[in-house]
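2 protein chains.
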Amino acid sequence: MSVVPAIASSTGPVLVVGSGLLGASIGLGLRHLDVEVLIRDASPTTEAVAQDIGAGRSVRALRDAGEHVPEPTLVVVAAPPDVVAEIVVDALAQHPHAVVLDIASVKAPILDAVAAAGADLTRYVGTHPMAGREKSGPVAARGELFTSMPWVICPGPATGAAAIAAAKNLAVDLGATLTVMEPAEHDETVALISHLPQVMSSLLASRLQDTPLHHLSLAGQGLRDTTRIAGSDPALWVQILAANARPVVQSLYEVREDVERLIATLEDPAGDGARLGIARLMAEGNAGQARIPGKHGGAPKAFATFTVAVDDTPGTIARLLTEIGEIGVNLEDMRLEHSPGQPVGLVTVSVEPNRYADLVEELQTRGWKVVQ
Amino acid sequence: MSVVPAIASSTGPVLVVGSGLLGASIGLGLRHLDVEVLIRDASPTTEAVAQDIGAGRSVRALRDAGEHVPEPTLVVVAAPPDVVAEIVVDALAQHPHAVVLDIASVKAPILDAVAAAGADLTRYVGTHPMAGREKSGPVAARGELFTSMPWVICPGPATGAAAIAAAKNLAVDLGATLTVMEPAEHDETVALISHLPQVMSSLLASRLQDTPLHHLSLAGQGLRDTTRIAGSDPALWVQILAANARPVVQSLYEVREDVERLIATLEDPAGDGARLGIARLMAEGNAGQARIPGKHGGAPKAFATFTVAVDDTPGTIARLLTEIGEIGVNLEDMRLEHSPGQPVGLVTVSVEPNRYADLVEELQTRGWKVVQ
Numbered sequence: 010m011s012v013v014p015a016i017a018s019s020t021g022p023v024l025v026v027g028s029g030l031l032g033a034s035i036g037l038g039l040r041h042l043d044v045e046v047l048i049r050d051a052s053p054t055t056e057a058v059a060q061d062i063g064a065g066r067s068v069r070a071l072r073d074a075g076e077h078v079p080e081p082t083l084v085v086v087a088a089p090p091d092v093v094a095e096i097v098v099d100a101l102a103q104h105p106h107a108v109v110l111d112i113a114s115v116k117a118p119i120l121d122a123v124a125a126a127g128a129d130l131t132r133y134v135g136t137h138p139m140a141g142r143e144k145s146g147p148v149a150a151r152g153e154l155f156t157s158m159p160w161v162i163c164p165g166p167a168t169g170a171a172a173i174a175a176a177k178n179l180a181v182d183l184g185a186t187l188t189v190m191e192p193a194e195h196d197e198t199v200a201l202i203s204h205l206p207q208v209m210s211s212l213l214a215s216r217l218q219d220t221p222l223h224h225l226s227l228a229g230q231g232l233r234d235t236t237r238i239a240g241s242d243p244a245l246w247v248q249i250l251a252a253n254a255r256p257v258v259q260s261l262y263e264v265r266e267d268v269e270r271l272i273a274t275l276e277d278p279a280g281d282g283a284r285l286g287i288a289r290l291m292a293e294g295n296a297g298q299a300r301i302p303g304k305h306g307g308a309p310k311a312f313a314t315f316t317v318a319v320d321d322t323p324g325t326i327a328r329l330l331t332e333i334g335e336i337g338v339n340l341e342d343m344r345l346e347h348s349p350g351q352p353v354g355l356v357t358v359s360v361e362p363n364r365y366a367d368l369v370e371e372l373q374t375r376g377w378k379v380v381q
Numbered sequence: 010m011s012v013v014p015a016i017a018s019s020t021g022p023v024l025v026v027g028s029g030l031l032g033a034s035i036g037l038g039l040r041h042l043d044v045e046v047l048i049r050d051a052s053p054t055t056e057a058v059a060q061d062i063g064a065g066r067s068v069r070a071l072r073d074a075g076e077h078v079p080e081p082t083l084v085v086v087a088a089p090p091d092v093v094a095e096i097v098v099d100a101l102a103q104h105p106h107a108v109v110l111d112i113a114s115v116k117a118p119i120l121d122a123v124a125a126a127g128a129d130l131t132r133y134v135g136t137h138p139m140a141g142r143e144k145s146g147p148v149a150a151r152g153e154l155f156t157s158m159p160w161v162i163c164p165g166p167a168t169g170a171a172a173i174a175a176a177k178n179l180a181v182d183l184g185a186t187l188t189v190m191e192p193a194e195h196d197e198t199v200a201l202i203s204h205l206p207q208v209m210s211s212l213l214a215s216r217l218q219d220t221p222l223h224h225l226s227l228a229g230q231g232l233r234d235t236t237r238i239a240g241s242d243p244a245l246w247v248q249i250l251a252a253n254a255r256p257v258v259q260s261l262y263e264v265r266e267d268v269e270r271l272i273a274t275l276e277d278p279a280g281d282g283a284r285l286g287i288a289r290l291m292a293e294g295n296a297g298q299a300r301i302p303g304k305h306g307g308a309p310k311a312f313a314t315f316t317v318a319v320d321d322t323p324g325t326i327a328r329l330l331t332e333i334g335e336i337g338v339n340l341e342d343m344r345l346e347h348s349p350g351q352p353v354g355l356v357t358v359s360v361e362p363n364r365y366a367d368l369v370e371e372l373q374t375r376g377w378k379v380v381q
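Keeping their order, the protein sequence lines are chains B and Z. FYI, the numbering for the first sequence is 10 to 381, going by the working numbering. FYI, the numbering for the second sequence is 10 to 381, going by the working numbering.
Please keep in mind that the hints were generated in silico from the structure rather than gathered at the bench. The reader is advised that the hints may include incorrect statements.
[Said to hold, decoys possible] Covered stretches of chain Z (chain B as the covering partner; in silico rule of three or more C-beta atoms under 8 Å from a C-beta of chain B):
#: 1; stretch: 106-116
#: 2; stretch: 287-299
[Said to hold, decoys possible] For the chain B half of the interface with chain Z, some residues (derived, Cβ under 10 Å), not all of them:
#: 3; residue: 62
#: 4; residue: 194
#: 5; residue: 205
#: 6; residue: 374
#: 7; residue: 378
This structure is a prediction, so every number in the text was calculated from the model and none was measured. Backbone N, C-alpha and C fix where the C-beta goes; we use that ideal spot for every residue, glycine too.
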């Protein structure tokens, strides 16, 4: 994170339009840097709550009090995806000297709509901060929501240098990791790494609607991991999937082809080449999974993992991690596994492979129950 | 776990056929309870390694030394799925007074094959311990591998009471949680909660084979969670999916139907009812996901979650959990999130909702950076 906020050197305030989770978080983060922030929301209540939590000054409140509303130099449109383009066009017209950016999770359709409206594209830049949380609304906002998360800047062909600089400064000031991409490339990327996983998780989880609960009680971590994001907000995802329909459907054609291939194979599992067909699908999954970068954004890396059975009481897991720290080994990853029917926690720990054997032996010596 | 091992009261030794990860883990667990264990494996090396780690006495070594090989009262077949039925049939013939059980992850086809061979079904019982780890082979074995994990006992119509009792005793002695189910019901259940998630994860991950790495660097926890099990061993899964082809393909027909429905919707996202169609898919995913039981095997439960940004140095996460323990709040779940490109860890913590506000405030007072 830059020490001196780049955006604070701009000459006027930042106007945030839409003060839900993301808009209010941007407001809070900028206020922490002493940047002047104005907030506007279609809902007077949401706007008032955002002001109350310190995300900026309510434009409505200023007007009601007869006070001067300063002219923004940067407008951040943080409204729901399906109204973003319209608000961007209005903001470009209303604030003829301001840079206007949006933070919606699909970029090309918004750029197209803004261009179609004949707006000044030199002052508009689309962006996508890849952050969020399971809750929504300004009460859930956190100024540090963007810390260490990617923030993609997607300039269009007409976007001016000043607009790009303003977007980069905002992202950097809020602690995010910058990436620059063309709008269409961005949309194809998120279709694959975000929207398709959401669809597959929902398709899988929807199969569980009628499964008896005593069957589901046998579920392991695999089912929990693959279905976790199926718990996401349908209203938001309808807008996202509808807006990015074309790249998502391209990926779904490929999924359909693989599903057809697997169905044909499993309908005759003793047939010629059937086992080879299954093996190929599994190996392709291996190959794709291995390409996902690990922690620290580095190349994919294999860590050694082991599992410790711990009593499910406060402080036990802390004590385990304290001892791992005492032994001098850095924790690369950990997960707490669920134990159907028993009050025992299973903590799976990932460490550098060359520290694995020593650590397991030392933990066992100290009385920890290394189970796997 | 029972204090007095039930199986130790049987009159003879346990013969474990197949001394890979699971067979050797069963041997180790029984040896911890002072049960006499004999081990046999198609590979002399694997059998010798299993003896060396203390999983039991090698039958081959006893014979080579001209020593007496005692007659087992229980035979546990822990061989690869595609040879299990044949080994069960042989064991029933070779040991005419022993109970024979297997631990393969698909049950009905094995029972059918054993029945078709005209073997003594009264002494045979299929079982499925739902435990494993990413590594294989006897070196990876752990006597506590089955602690708190489900172990499904699947008697056939002809299975006798003594066989069922022996299987239950084995599972309980090894610390597992017992469930009894008919073979066909078991196979349908694992098709849905284990095999379909594996297939969906592989289908999703295989789409990433040609994705540029700088696109994958934008991946969040959602993609990591949904694709983690796509890293599983293809050789094993070919056998599992081929053996349980019928129930898996039934689920895949339903997935195909939903994929077709979604493709039709996304090909015309502005069409009549398109958004409703997407919303319905998402809501069905919500409904299925919400039915998966939470920790402790209880009813699904919503915990309050928040995220803390921590330095990625040894001991920091331990200190966080220690302080949560000091504040007196029990950790219901936690996950360590990956931070692309930055050496900052994001720890997401789940707690009882009624402790959420106090805990977050207290942690912030203590200087922790609660980011979401």
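To see whether the hints hold, each was checked on the structure:
no.	hint	in the structure
1	106-116	violated (count 0)
2	287-299	holds (count 12)
3	62	14 Å, violated
4	194	8 Å, holds
5	205	6 Å, holds
6	374	16 Å, violated
7	378	6 Å, holds
Going through the hint list in order, the structure does not satisfy hints 1, 3 and 6.
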